[in-house]
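Heads up: the protein sequence lines correspond to chains A and B, in order. Using the working numbering, the first residue of the first sequence is number 66, and each one after it goes up by one. Using the working numbering, the first residue of the second sequence is number 4, and each one after it goes up by one.
Derived from the structure by calculation, the hints contain no laboratory data. One or more hints might be untrue.
To be verified - Each computed SDA-like pair below joins lysine to any residue, with the alpha-carbon atoms no more than 25 Å apart:
| hint | chain 1 | residue 1 | chain 2 | residue 2 |
| --- | --- | --- | --- | --- |
| 1 | B | Lys62 | A | Asn133 |
| 2 | B | Lys67 | A | Val816 |
| 3 | A | Lys142 | B | Trp70 |
| 4 | B | Lys67 | A | Glu832 |
| 5 | B | Lys67 | A | Asn133 |
| 6 | B | Lys67 | A | Arg877 |
| 7 | A | Lys136 | B | Gln39 |
| 8 | B | Lys67 | A | Gln130 |
| 9 | B | Lys62 | A | Leu132 |
| 10 | B | Lys67 | A | Ser254 |
| 11 | B | Lys62 | A | Glu141 |
| 12 | B | Lys67 | A | Arg147 |
| 13 | B | Lys62 | A | Gln137 |
| 14 | B | Lys62 | A | Arg481 |
| 15 | B | Lys62 | A | Ala873 |
| 16 | A | Lys136 | B | Lys62 |
| 17 | B | Lys62 | A | Ser960 |
| 18 | B | Lys67 | A | Ala129 |
| 19 | A | Lys142 | B | Ala119 |
| 20 | B | Lys67 | A | Ala93 |
| 21 | A | Lys136 | B | Thr101 |
| 22 | B | Lys67 | A | Thr85 |
| 23 | B | Lys67 | A | Gln137 |
| 24 | A | Lys142 | B | Leu110 |
| 25 | A | Lys136 | B | Val45 |
| 26 | B | Lys62 | A | Ala155 |
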Amino acid sequence: MSDQIPVWRRYLRLVRPNATADLDDEIAFHISARIDELVAGGMTPELAEAAALERLGDLARFRAQTLNVDKQREREKTMRDRLESIIADASFGVRQLRRSPALAIAAIVCFALGIGVNSAIFSIVNGVLIRPLPYRDADRIVVINEGAPKMGPGMGRIAAAELMDYRELDGKIFQSTAAYEPRTFTVRSPDGTLDRVPGAVVTGNFLRVLGREPLLGRVPATWAENIENPGSTPGSLEVIVSYSFWRTRLGGDSAIVGKTMPFGVSSVATVAGVMPPSVQFPIGGVGAIPADIFVLYTLSPAVMARRGDNYGTWAFGRLANGVTSEQASAAVANVASNLPRRYPEFYRGPTEQMVGNVTSFREALVGPVRRPLLIMLGAVSLVLLIACLNVSSLLVARSVARQREIAVRRAIGASRSRLAQQFLTESLVLVGIGGVVGLAVGRYGATLLTRFDPNGSLNGYNIGLDWRVVAVTAAVTGLTGMIFSILPGIAGRDDLQTALREATTQGKGLSRSGLVVAEIAIALLLTVGAGLMLRSFMRLRSVDPGFKPDHLLTFRVAFPQTRYATHPAAMTGQHLLAQRLAAIPGVSAVSSATQVLTTDPWWITFTPDPAAGPLPEKVPVGSNNVVQPGYIETMGIAVRAGRTFNESDIAGREAVAMIGETLAKQRYGGNAIGRRIKQGPPDRPGEWRTIVGVVGDIKESGLAGEAPPSIYMPAAQIDTGPSVGIVRSQAYVVRTTSDPRQAIPAVRNAVKDFDPLMPISELAALEDKLSDSIADRKFNMFLLTVFAAVALCLAAVGIYGLIAYSVAQRTRELGIRVALGALPGDVRMLVVRQGALIAITGILIGSAGAIGATRWMRSMLFQVNPLDPITFVAVGSTLAIVAIGASWLPALRASRVSPLIAMRGD
Amino acid sequence: MADTPMELVQGTLDLLVLRTLAWGPTHGYGVARWIQHITGDVLRVEEGSLYPALHRLEKRALVKSSWGLSENNRRAKYYEITAQGRATLSRESSTWTTYAAAVAKVLTSREQPEWAK
């Protein structure tokens, strides 16, 4: 057999090992040894050969098996070798980093900041915008919007009675439609205190539309009946509770289904089910609080009777199979536009024409938050970019210093790919450490951010580390690693001789300067954005709300018919409570109204006095506030003309009203005292009231909003009609001489002494409520400022690094200059000028970019022009100062260079 | 007995090769001859199967190989047992003998079970 191995193959084995040939040699030896033995024993050579081969058995199979084993062995060896070389590179990289710890720490900090901050924001974006909502096929759920044409169907809410009209689309357009209204329920604690708990009333098919089943229990039978017969009132009260409510207030009792829990002031409700932990409704969108208790919404005749002027119900439906949301929009618009025709007596004035559409559920929840979030994400990506540029430039500098090392290694045989592997590994070590630290920073950052978030608008979203965040962070980390590990490779010169000589920095210098210019431009962009937000926020804070919010306490209570049977009884009760509150030491004034600082004013239609001018074409709307005497004074609202309500404005006397000054100007030509005003459209019967006073406008819905036309009526005179129930809920305002927050316990006690069964809600200082209304802007501003600060720091570090390095490179040149007579001041100027040049280039480029980019921020700004020159100039100067400051230290060092040392050293 | 070569389970062959090499380094042919000699040619292993066994043992680092010259100056690959090989050998041969003793006990027992009357 050995004769069959071709000679040329044998000689090849001198160059590289050949497993096949070796095996054949082995076997060949075995065969010839056996043949020799048999022949020595007396056999003929031919028989011996046959016998030897026979003893060997199935040679082909064994040969193949052996070659297989050898192949596997080769493979494993190669993998082990590669792993060892990578580990060697990594440990080499770590040693290098340890030798220049400043560089390592700087790079890792840059990365950790950039990646961490990105990770945090992306966690939030992921939780809010990307992660699926906790409802089945949530993209098939849509919200039904409707409204009058001038307001556009952006209102998102319907009148509860209209649900029946929209239900006609069930089966064709929707699988089913459900309605929801937020409510606050009273719940007794074991110790007797009454608490107000956020909740909701929902139609029976509510869970079905959401597509989720309760964790414990099931949808009660009474709810199921309600689907068919929406007006039916169940005999007993069965509720479904949220998971967190079950755990905190019901003790997580696993046998809770069927048991009763305290509900309302003095009764109970049966717990029919508990929601799963991840399912909240509504999700904390802007202003929405997840409900803890769900109660059935009965569409009683009273509810059905209110159409056309009562928009407080959310309607949403699950699209039927195969129906697109455009089709649903068209169908809803059709139903909406038919409403005035079907119920002409209800839809008058502003609601004469109705329009409608549907929007996706997520859009309805997330819409207002989306743009700011995406802007934040953009901003934070810019920070990461700066961080990467910084580290890039750091490492390019180092690679220039390593030119010699690279050239020598290449000369002794390292292949390009081996060097590339080395650099890649070193970079990856750096980026890897930075990335891991960044991930940790990101996780804690996201948690911190949600804790700071003012409106709790991020509640309910699952914000945490999930695979998407990890994947994105890993991708970003990897990308950064690859991008700047290529740079030293590109910068590496092949020419050994040139490299061994003085390393030329011309080419590298330009590219490094380019990096730093880019950094500065981006930092400028971010800082301009932050500056604009800052100015906007300052403007907002200085807006005059129209009243004096300092030293004011407010809370809300209700005087239900069960305990205050008649209107006079309710009025007496309200007065008595006011007296009790006024008796608290430190209280200077007390009053109450139906609404104080609300985002949800009670809109009414009204008719101005025909004697004041022609009636407007469309029936106007205004915000109605039913108040007790002394309200205007307690709030500190300015009185522009006439008088305010007093004790003699009661039922039976002349009906009076006060109006706001804008309304007076618009409808009464500024001369409203003595004229009349009526609630409701012109042709509907209603009481005409005489205007006795004109007061200043107040910003009812927070500082950022407009002041609506306002109408005030005395509570004592609203004793009949549809508004009589509303008067029973009063928001009290209490003016104190010192810090109102300290009066909170005294107020609580006063109410309890007055009526122990009366729960208090929304007890807070008015100032705090006002700042809540602008709190989300404050939060955005805070975030953006943090990013800008980080960006500025990074840019400063970048400039410092560049100038310091350039000074080190120019040591000899500077030494010569000093030797030729340059003063230290001249040298300083030289260096600082270099820094300033880079900074100015960056500032100019950045400003150009900012001019283009800030227009996207318009919606987040308040009365500030996106191209506000003051901000641009201020930011530009700040950056210039930072740049010069960062160049100063190296400049100082440069000016102290001794010419002897400079020229001697290499 | 000498007509049909007995099939050996793969692990057993490895064990025999290891034991053989424990006496001293040799080549594949030497292992074949030794096994033939000791078992009185009862265990007629298909000799080709020694080679996958030897290469496997080398892959597991239980033996190591080197090229050398045989007694009559021919190029042959010699195998030598390693320390790890010796350890494996002692461990697995005690397992094997225990197993073999147990099998022998069942096969040669005179005791009858209850259900065999």
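Hey, B/Lys67 versus A/Gln137, does the alpha-carbon distance stay inside 25 Å? holds (17 Å)
Would the hint linking B/Lys62 and A/Asn133 be met if the CA-CA limit is 25 Å? holds (11 Å)
Given the hint that B/Lys67 pairs with A/Val816, does the C-alpha gap stay at or below 25 Å? violated (94 Å)
Below or equal to 25 Å on CA atoms is what counts here, so check B/Lys67 against A/Gln130. The hint holds at about 19 Å.
Please verify whether B/Lys67 and A/Arg877 have alpha carbons no more than 25 Å apart. violated (61 Å)
Verify the proposed pairing of A/Lys136 with B/Gln39, using a straight-line Cα cut of 25 Å. violated (30 Å)
For the pair supplied as a hint, B/Lys62 and A/Ala155, is the alpha-carbon distance within the 25 Å limit? Since the Cα atoms of B/Lys62 and A/Ala155 sit roughly 28 Å apart, the hinted pair is violated (cutoff 25 Å).
Is B/Lys62 close enough to A/Leu132, meaning Cα to Cα at most 25 Å? holds (12 Å)
Going straight from one Cα to the other, do B/Lys67 and A/Glu832 come out at no more than 25 Å? It is violated: about 86 Å lies between the C-alpha atoms, which goes past 25 Å.
Decide if the proposed pair is consistent with the structure: B/Lys67 and A/Arg147, CA atoms, cutoff 25 Å inclusive. Roughly 23 Å between the alpha carbons, so the hint for B/Lys67 and A/Arg147 holds.
For the pair we were handed, A/Lys142 and B/Ala119, check the Cα-Cα distance against 25 Å. violated (58 Å)
Pair hint A/Lys136 and B/Lys62, alpha-carbon separation not exceeding 25 Å: It holds: about 10 Å lies between the C-alpha atoms, which stays within 25 Å.
Hint compliance for this structure: hints 2, 4, 6, 7, 10, 14, 15, 17, 19, 21, 24, 25, 26 are not met, and every other hint is.
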